[in-house]
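Visitor: Sequence:
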Amino acid sequence: MKLFKVQKDSNNIQLVQPVDHSKISLERFRFDCEPKKNTWEDILFYIHNPKTKPKNFYSTSGGCLVFDEKTLELCRTVFEMSGEIIPIQIERGPELYILNILECMNGLDYENTVWDYYSDGTKGRILQYAFHKERVINESTIFKIPETAKTDIFCFADTKDREDEFYHIYHDNGLTGLLFEEMK
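Taking our numbering, the leading residue of the sequence shown gets 150, the next gets one more, and so forth.
Simulated from the structure, these hints should not be mistaken for laboratory data. Keep in mind that a hint or two might mislead.
[As the list claims (entries may be wrong)] Computed list of lysine to aspartate or glutamate pairs in EDC-like fashion (alpha-carbon distance at most 16 Å, straight line):
id: 1; residue 1: LYS333; residue 2: GLU260
id: 2; residue 1: LYS151; residue 2: ASP265
id: 3; residue 1: LYS204; residue 2: ASP158
id: 4; residue 1: LYS299; residue 2: GLU229
id: 5; residue 1: LYS186; residue 2: GLU229
id: 6; residue 1: LYS154; residue 2: ASP301
Sequences are here, hints too, so could you generate the full structure?
Guide: Put into structure tokens, the structure is as follows:
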């Protein structure tokens, strides 16, 4: 099994932002493994950097994935297993979707994770992740962990058929806009 941290290719993808900036609230755009679909209100978004060539994935604040119709067609089953798919409207643009990941696994190996420490000796951010691999294997190949649920997204590969794993669906179909950093 291989584990990856999924990151947006921020320098090369379009950024979507709410047209009405007063709609941005910490709670609304905090994607931390809590359901939002039933309380999500229609918010009109716009492309902040329209000169950047569109990719299949887009960037926005929060620990979620924003993606296009092609990606939805290819990844629907995997995405539905990992969370909820929320359609969003783009001003003069394509219909996009947010994947709010609800799959949160207790898989961090505290002893082998490398931490940054504050001056008082308490643990700060994670410098190098270590996982209990047997704890993260699940139906969904996309997941989060409680320690970084607001920001970090992970996936695993090479435990199922390729067409059932997000990592392989992404690469086999030439999707664009994400980076996959392999974890130890």
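Visitor: Each hint should be assessed against the structure and marked as holding or not.
Guide: Status of each hint after checking the structure:
A distance of roughly 14 Å separates the Cα atoms of LYS333 and GLU260; the hinted pair therefore holds under the 16 Å criterion. This hinted pair does not check out: LYS151 and ASP265 have alpha carbons roughly 24 Å apart, beyond 16 Å. Simply put, LYS204 and ASP158 have alpha-carbon atoms about 10 Å apart, close enough for the 16 Å limit, and the pair holds. Between LYS299 and GLU229 the alpha-carbon distance is near 19 Å, which puts this suggested pair outside the 16 Å criterion.
Note on LYS186 and GLU229: the hinted pairing holds, with a Cα-Cα distance of about 12 Å set against a maximum of 16 Å. A hinted pair counts as satisfied when its Cα atoms are at most 16 Å apart, and LYS154 with ASP301 qualifies at roughly 7 Å.
In this structure, the hints that do not hold are numbers 2 and 4, in rising order.
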